Amino acid sequence: MMRTDKILILFSLMCSLFMISCEDEIDVDLDERPNQLVVDAFLTNDSSIQTVRLTTSAPYFLNEPTKGAQGATVKVIGPNISYTFSDQGDGNYNYDPSTNGPIDSTGFTYRLELVYEGNTYSASSLLNPVPTIDTIISVFEEEELGSEAGYYAQFFATDFAGRKDYYWIKAFKNGIDVRPDQPSSLILAEDGAFGGDGADGFVFILPLRAAITNDDEPFAAGDICKVELLSLNEDAFEFLDQVTIQANNGGLFSTPPANIKSNIKDASGNLQEEVLGVFSLSSISTFSTQIKP
Amino acid sequence: MRNLLFLFLLLSFSAYSQEKYTISGYVKSATGGEELIGATVSVPDLATGVSTNVYGYYALTLPAGTYKIRYSYLGYTDVIKEVNLKEDIQLSIELNETVNELETVEITSEGANKNVESVEMSVNKIDSKTIKKIPALLGEADVVKSVLLLPGVSTVGEGSTGFNVRGGGIDQNLVLLDEAPVYNSSHLFGFFSVFNPDAVKNVSLVKGGIAPQYGGRLSSILDIRMKEGNKKEFHGSGGVGVIFSRLSLEGPIKKDKASFLIAGRRSYADVMAKPFLSSDLSGSKFYFYDLTAKVNWSMNEKNRFYLSGYFGRDIFGAGFLFNWGNATTTARWNHIFNDRLFMNLTGYYSDYDYSFGVDGDSEDDFEWSSSVVSYSLKPDFSYYLNNKNTLKFGGQSIYYDFKPAEAKFASDGRTNDISQPEKFAIENGLYIQNEQKVGARIKLLYGLRWSHFSYLGEGEKQVYNDTVPGIRKTLVSSEKYDQYESIASYNNFEPRLSINYSLTEVSSLKASYNRMSQYLHLISNTVASTPVDLWLPTTNNLKPQIADQIAVGYFRNFSNNAFEASAEVFVKDFQNQVDYIDNADIFFNDELEGDLLSGDGRAYGLELFIKKNKGALTGWVSYTLSRSERKVNGINKDDWYPTRFDRLHNLSVVSAYQLNDKWGFSANFVYSTGTPATFPTNRYEIQGIVVPHNYDQSRNNYRIPAYHRLDISATLTPRKNKDRRWQGEWVFSVYNVYSRRNPYSIFFEQDENDPNMTNAIRYSVIGSFVPAVSYNFNF
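Going down the list, the protein sequences come from chains A and B.
So for the first sequence, the numbering used here puts the first residue at 1; every next one is plus one.
So for the second sequence, the numbering used here puts the first residue at 1001; every next one is plus one.
Chain B with its partners taken away, still in its complex shape:
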């Protein structure tokens, strides 16, 4: 592969280096010095152009000559520069934010028409401004809850962790915070996500046509980029809400060279509840917090450094202590080798862990902790071959350390260590991709990712007997492996291809194919994932998950790009999906793999999306018609069954209306088909207990009623704000306006008073409207 690369480079130099020159640099915001992602750099005379990468860098290679170059970004005033290109030029540009506030409220963070012109499809982007406008539960703007309003995304229900993309499990989303994976994105089980919207710059969800530079998960990449911090002046922002209070500070360390951002949140339910708690609970703890920080330093035009980190925890305690959280650290180095070759080198550390313990004495005690830690190094290169080809290549290496359980207990003075052995693994990837323009109408992105995974010692290779699927497998032998010795290893080639065929200036047809492979598995047998669920590596028994996806779409913009619309269909095929035998034992089970099943999956659907970007009224309508199914031998009589997050119809309407400079209003409405559930057909009695029984052994044979909900909010910006530094706003919101008791699940139980009676119980996580008020400020 490396030889191939050099060949490419050589070819490019010999073919183009004589008569063409490159203009390159960064596009930044003049207000805060923040780099602009996806800004358009175009040459109107040649009808050609590029956009800036995720670091705001661009490079444009043109024949020698004099050109007018236009830099544009929505919400900013265009800058046109005339350049005489007779040598390579570096030109970094700062754009000014458009001042006219009312008419140009824009909710996209990209160049106009980019959705039609670019080769990428099945991608949705939201910036933090939009996230903050969406009415949210208890007024807390939330990244993951906003993602749920996008086409192709569903969830098992309110309060559950994570999200499901195009029929994929919650563990099939690579959630990246400044390139470091976040293993559990939830606070308070799933009511809030861990990302502080004050520290988030933009969010991009890639559901299909996934470029070779990404790998490791089957269904989506949720790429969350943190703000850099203002390089010109000191600012702060924050808010006081019902759940959290927030504060973030940013400013230059050295003007235009280095800046910082630090943002924190803490819930104060415990503080507010204190007066109501009885004395025995006064020592109880229940709160969560997170801290996000970032510094960046532009050493010179060729070298930039970024260091960012996240640390958050949820803590519950009262006679016991239960806490969980993520910690991530990302260090990045952007280096420009020459005008055409851009490198980003990322190193990250990511840790998710939880622990549980009781306030016992030495006589009787229980302590349990678990973690998954990963370390990674990831070089990525962009080579701007010419204005028709952008080549990217790179690789990644990740080392994993899994601690399924470190635990000990004491009973009546005697202790025992019941820890489970650590597991280790290494994952490697190499990729090369080219984005190519062919003629005036066709753009291609094609490439290949090679991934490799090795389950490493020190550990055990367990071999299980074959049984009838669905019955617990028993261990027949196990073999010890030394440190770093490979116990099992796998390779996968993942071809990726995307095509954009431009029909007119405002419409295009796109198609893509991608194969993805995934070597990590979230072992969770509950409807909603819990904080104690285990991440485990692929082993000799647990095979890598693989998915193939084909998507086709039509993209069209209307009314001078005020409206963007798209229609996409997708088909997805999954292999080696993890499932569980009935009554599987997930925790403290040394022979867990004997309880796991493996099956196939399929998903297909239609996604319609229309978004209004300009004017006083902005927002979008998203509708998804889809199916998501699994087929696992040993479940549902070996036949296909719908997944727990299968929802045939899924509609979201998101709107924001700016009435005047004082009042703004937002509303969203969601409707989705109820999720499937397994209901009993019969019952029987054992020892006076009524036991439900499903005669057909079917899985997900019923559907719970549909989910729908309306949320509204109003934002009041006092007029006295105008000329002062302190800017405040009040947000009033109501979640679930018409108090619908949306069922999360329906379950069956014996009546407490009459043991002969059995009841169906509807469980609603939120059974009423939830009003909230919060105050946000910045200075």
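So here's chain A without its partners, still in its complex pose:
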């Protein structure tokens, strides 16, 4: 079974056999620049509480949670219906689907409308369908280079044929993200593969199927393995893909650091500060199973 990080492990093994490459923390003085409004709006079509989080950016080394932005009005406009998100006072704006129902008109382009400090911003997101997860299988494997002994799980689902799809795959072990210490290691797919046009209508390729297991902490018998498959728009996919790259862009083969393109537009057309972040609406399908010995 292929582990994608094996190349890197082997390379560093090779290097460390003869050389001592190292990473250490250092102090760097960075310029202080103005802060900007940040929109973190990943919504789904299910009936759980939906949250749009508004914050402001901070100096890079602030080293405390970023502050919530309060006093905004947040709405999502659907077909003949508008969902109002209520200010929780901490930067979170919530919508409870038990009031007006879930945001679930597949194929409809929803619009986020946001008024903050007198400026109006908007963004749109098409609610794409998502395939169902057929099953999750698991196999016990002995310890290998870069992977511990334990149960290695794979999920099976098939990409929709004849259309371009983008997905975000989330995996949980007993209700906790399988990689809690690596928040930026997201599993993203373009059709049934990592990228390109070749995997339209395919079963998700092996490295994606297997990515639901953390090689450092595989599953144990009795663990609950839950997988969520979320549909994405192209701009949200690009955004998340860039987050994974920019959040940890070091080493020999790093690319030039770049800002991530937001899909939030200045609706009033005034010359205002650029807004960061993204609005994304996903269909979600879930599969949960207990790992059996």
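Careful: at least some of the hints might be erroneous.
Claimed, not checked - Subject to a maximum C-alpha distance of 27 Å in a straight line, what follows is the list of computed BS3-like cross-link-like pairs (lysine-lysine):
1. B:Lys1480 <-> A:Lys164
2. B:Lys1637 <-> A:Lys265
3. B:Lys1637 <-> A:Lys261
Unchecked claim - Partial list, derived from the structure: chain B residues whose beta carbon lies under 10 Å from chain A:
4. Val1358
5. Asn1416
6. Thr1530
7. Ser1745
8. Pro1755
Stated by the list, open to error - Pairwise CB distance ranges (calculated):
9. A:Gln88 <-> B:Ser1369: 51 to 59 Å
10. A:Ser268 <-> B:Arg1472: 45 to 53 Å
11. A:Gly162 <-> B:Glu1422: 21 to 29 Å
Rather than coming from a laboratory, the hints here were simulated on the basis of the structure.
Every value quoted in this text rests on a predicted model; they were computed, and no experiment measured them.
Heads up, the beta-carbon is just placed ideally off N, CA and C, and yes, glycines get one too.
Since chain A is already given, all that's left is putting chain B on it; use the hints.
Chain B in isolation, oriented as in the chain A frame:
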């Protein structure tokens, strides 16, 4: 152009053929029969002379008469021949190596004072003896790492592939191994270069005043010539080091007529690591090797043939197999039409390819390979018009076949071919140049190169819409072209001029101008180039790169040529430099050209160089003060920014000291300004992930700390060597003596334990001193 040439020839015959005669031939080493490149053939009475070409050939045209002709080459004893020139004469000479070992350790491979006298400038030459003396990482003498110690050369950092010359990208160096281009000169990403020093005769780096005979790259020519192989007796050499073991064999096939050389290296990290690997990794592979071979045959005085080849690969595997490497073959024919007209005809094949695959089953699998293959024919003529003019002319044709990706994958039993279409191109060049002496003080080299490039079918002409620079362009139309049909073609005239004005016998002023054009582009968006980076042709969207360079220099030798010194300034202007939109998609992208940007570049600098050639202590000091910048619409708010390899100060001190016949010591020290880097100003949180953000959208807005390093080595030659055939030596070396953690890059990341914390991380490729010992032998 051809008519012009004939006119030249006619003129020359009618003007000079009656009263002048030509003496010509080869200058060789008496020890191995090896031709000597750049040996001086002079007539002291007339204060005139020539030097041998890269094949050791010379031709000197003089009025009828009796002359003393002196043949000299550093490290060899002069030979003086008296000739009575009343007809054309062929005279090949063998020179004996100077025997006195200690006092005449010399590290130049040329005639004394040549650096002052010759018209060429911005050129550095190193022979393999010098390369082997420089203390090296893990004791492995390395051609490209030696080049990094020369003025005007920089790199993004340790372990990165290639080198940067006078503000140019790594793809702007034409790296030639016996005239065949090598597309990726690195083993193990960039720690070692692919050239086996045991098989290398000499190395010449041309950074400016590039003669019309060269073309195809903007910034430099790294001309690596392989040894011919001893024509008189059988010899071998080799070594056992920490990384490689090496063996090379050479000898006559037919004495004085034909010889061979074969040299191989293999790394054995995998062999040594085997006992430490767990069972699941016992099948893993990680090694690299190369094989270099050459045969040559002197059929007669007029015809010589050379066949040389290189083959090397890097292999990594463990549940997957990743390998890459170059293969080159060069066939050459030297032909002397008459005493004045020398021809070299080169044909070469060069291939760089890589492949990646997983050990899948038929249900789930992935295979990916890519290659760039070129075939070329290149005739070059030297016409020794008279002792004041040497005319060279010739041409080159190269056919390229690019396979960006041949790939297929399988998922759950279903397979798909995701290959990208092949691309084809042809590149042609024609040139004429004359090296002329005007009066006693002035030497000129002037000429013109015409280059032509055609992007050929079978392929697609893609047309993209215009967008705001920096935003992905989208494909509006594409048109199919048949095989060999030209999809886009370009012409460039490249004028070249160099002047040497001799001030005194030991000093001169030189100036040069050259225009270069380049039709191949290395598509690489990473700080260090990776083995999977793509070489792509110029197309209707991707324009040819062009550079103009002016250089001026002062050259002076001291103390009877024991010291050579030079000071040069250069200014360089670049057009059509490839860059990338933010978040460009480089692999498996059928619309890659929509992600490319094009911009301008500029570089300027001062290079100071002083070299001591003679005595027990030899070496050089090189200092470069320079800037290298790019301006690309869509990056850095359309303003100039420093390149990733821009280093304001760059100092190298290289020294070797021969204490006695037993011990020799070497040390080098390098210092350079830190490279620029892009640092964030702000951060924000998305889904619990801290994202760095640069408010000003600036590129390379900070500098990482300076790079400096000291390396030392000691060579022990046991005294018992003296009278036996087997000669051995031990080399003890320490790289990065004072364990400096030179940062390769500084990057930013979220703390693993506290998600609210962000850290700046210094990444050092080599964070400690690296000792090594190796044993070298020859017999």
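For each hint, the structure was consulted:
1. B:Lys1480 <-> A:Lys164: holds, 25 Å
2. B:Lys1637 <-> A:Lys265: Answer holds: lysine 1637 of chain B to lysine 265 of chain A is near 20 Å, not above 27 Å.
3. B:Lys1637 <-> A:Lys261: Satisfied, since the Cα-Cα distance of roughly 15 Å is no more than 27 Å.
4. Val1358: holds, 4 Å
5. Asn1416: holds, 5 Å
6. Thr1530: Interface hint status for threonine 1530 of chain B: holds (5 Å vs cutoff 10 Å).
7. Ser1745: holds, 6 Å
8. Pro1755: holds, 6 Å
9. A:Gln88 <-> B:Ser1369: 51 to 59 Å: Holds - the Cβ-Cβ distance for glutamine 88 of chain A and serine 1369 of chain B, about 54 Å, lies within 51 to 59 Å.
10. A:Ser268 <-> B:Arg1472: 45 to 53 Å: violated, 27 Å
11. A:Gly162 <-> B:Glu1422: 21 to 29 Å: holds, 28 Å
Checked against the numbered hints given earlier, this structure breaks only hint 10.
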